[in-house]
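Asker: One letter stands for each residue in the lines below.
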Amino acid sequence: MPASTVKTAYWRGVAIGAPFILVIVPFAMVFGVIARESGLSLVQTVAFSGLVIAGASQFTALQLMVDSAPIAAVLAAALAVNLRMAMYSAALVPWLGSAPFWQRMVISYLNVDQTYAASIPEYERRPEMTVSERVAYFAGIATPIFPLWYGFTWVGAVAGSAFPDGLGLDFVMPIMFIALVAPLVRTVAHAAAVAVSAVSALAFAGLPAGTGLLLAAALAMATGALVETAQERRRAATDRRRQA
Amino acid sequence: MNAAYTDARVWTVILALGIGTYIIRLSFLGLIGDRPMPGWALRLLRYTPMAVIPGMVAPLVLSPAATDGQFDATRGVAALVTLIVGLSLRNTLAAIVAGGVALFLGLWAVGPVLI
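The listed protein sequences derive, respectively, from chains A and B.
The first sequence lines up with residues 0 to 243 when you count with numbering that gives the first Met the number 0.
The second sequence lines up with residues 0 to 114 when you count with numbering that gives the first Met the number 0.
Hints listed in this document are in silico derivations from the structure and should not be mistaken for laboratory results.
Since this is a predicted model, take the numbers as computed values, not measurements.
Ideal placement from N, C-alpha and C gives every residue a C-beta, glycine not left out.
Possibly wrong hints are sitting among the right ones.
As the list claims (entries may be wrong) - To give a feel for the contact side, a few chain B residues facing chain A, derived at Cβ under 7 Å:
(1) V12
(2) I13
(3) T20
(4) P37
(5) P48
(6) A78
(7) L79
(8) A94
As the list claims (entries may be wrong) - So these bits of chain A aren't anywhere near chain B, every CB distance computed over 10 Å:
(9) F100
(10) D169
(11) R232
(12) Q242
Take the sequences, apply the hints, and build the full model.
Answerer: Written as C-alpha cells, this is what we have:
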C-alpha cells in the first residue's frame, strides 16, 4: 500500500535526523545567547532563527551589525555564506524535481546542511523510492531538527541575560566560526582559500567595515577555484604521461 | 543594538536575509529546474563558507573587542585549540566543546594575557 510506504519513509527520515539534535541544540542556544548579548530583542532573536535557519550566516550578520557595517555589506556577506545552498537546491532537482510545487516550496524552506547531507545518500542508495516517499523522507529528517532549532534559540535568548560579564562570551562567536570551517578544510585548495581570506581581511582592515571582508572573500573564492583547477590539470597531465 | 543598528534596521536585515536565503534554497528546485550549472559556478560556490568566514575570524582573534583590540593570548590559545580539534577530528561539535573549555578555563584560571 503506497500510504504505508510513505509513512515508513517518513519515520526512517526521523530516525536519520534525530542524531543531529546533538549539534542543533547547543548551536541554537549559543546563537540565542550571543544575539541577546549583541543587543537584539527576544522576538528579533527567535525570528532570526525562524526565517534564516542558517547558523553560520546568522552569526555573520550579527557580527557585522555589531561592527556597524552598512546594511548592504551585512547582507552581501551573510548571503555569500549561504550561496552553497544553491548547490543543495540543484542537487535535489533530479530526486524531487517532479514533486508538486507547494511541496518543493516547503522542501526549499527545510533545505539546510543537515537535511541535504542526510537525504541525498539515501536517494542514491534506494533509487526505487517514489517521489512522495522521498518528500516524506526529507520531511522526516527535518522533523526533529527544526522545532529544536527555534526552541533552543528561544531558550538561549532567555537564559543568556543571566550570564555575568567577563566570562568570555564575546569570544564564543569566533570559536563557533572556527569550529564550522575547520572540518571542511580537506584539500590544498580549501586551505589556500582559508589562508587568503584571513590574510587579506587583515590587510584590508583599514577599509570601511564589511568592505574589506567582501574583497577578501572574493579573492579567497577565486584562489580556491584556481588552485583546484591547477591541481586537476596537473593530475590529468600525470595520467596522460602514465598512459603514454 | 548600537547607534548604527536601530530596531528597524535590525528587522530589515532579518527579513532581507530570510527572503534572500529562501530564494537561494528555492533557486533550482523551485525556479530554475533541471538545468546543469556551469562548472566554474559550482567551483566558486563550493568555496563560499571557506572564503567568507576566515576573513571574519582573523581580526576577531588577533584584536578582540573585549580587550580593546589588544591581542589576548588566552583567547588566542582557545582559538588554536578549536582549530586543531576541528582539523583533526573533523567534528564541529567536538571543536566547539574543546574551544569553549579552553576559553572558559583559561579566562577563569589565568585571565586575559595581553600581548
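Asker: Against this structure, judge whether each hint is valid.
Answerer: Consistency of the hints with the structure:
Annotation: interface hint on V12 (chain B) holds; nearest CB of chain A at approximately 6 Å, less than 7 Å. The interface hint given for I13 (chain B) holds, since its Cβ lies 5 Å from the closest Cβ of chain A, which is under the 7 Å cut-off. Taken as an interface hint, T20 (chain B) checks out: its beta carbon lies about 5 Å from the nearest beta carbon of chain A, inside 7 Å. The interface hint given for P37 (chain B) is violated, since its Cβ lies 11 Å from the closest Cβ of chain A, which is over the 7 Å cut-off.
For P48 (chain B), the shortest C-beta to C-beta distance to chain A is roughly 6 Å, which falls under 7 Å, so the interface hint holds. Evaluation of the A78 (chain B) hint against chain A yields a held restraint, the C-beta minimum of about 6 Å falling below 7 Å. Among the interface hints, the one on L79 (chain B) is violated; its C-beta lies about 9 Å from the nearest C-beta in chain A, farther than the 7 Å criterion. Interface hint status for A94 (chain B): upheld, as the beta-carbon distance to the closest one in chain A is roughly 4 Å, under 7 Å.
Look at F100 (chain A): its CB is around 7 Å from the nearest CB on chain B, not clear of 10 Å, so calling it non-interface is violated. For D169 (chain A), the shortest C-beta to C-beta distance to chain B comes to about 4 Å, within the 10 Å cut-off, and the non-interface label is violated. For R232 (chain A), the condition that its CB be more than 10 Å from all CB atoms of chain B holds, with the nearest at approximately 13 Å. No Cβ of chain B comes within 10 Å of the Cβ of Q242 (chain A); the nearest lies about 24 Å off, and the non-interface call holds.
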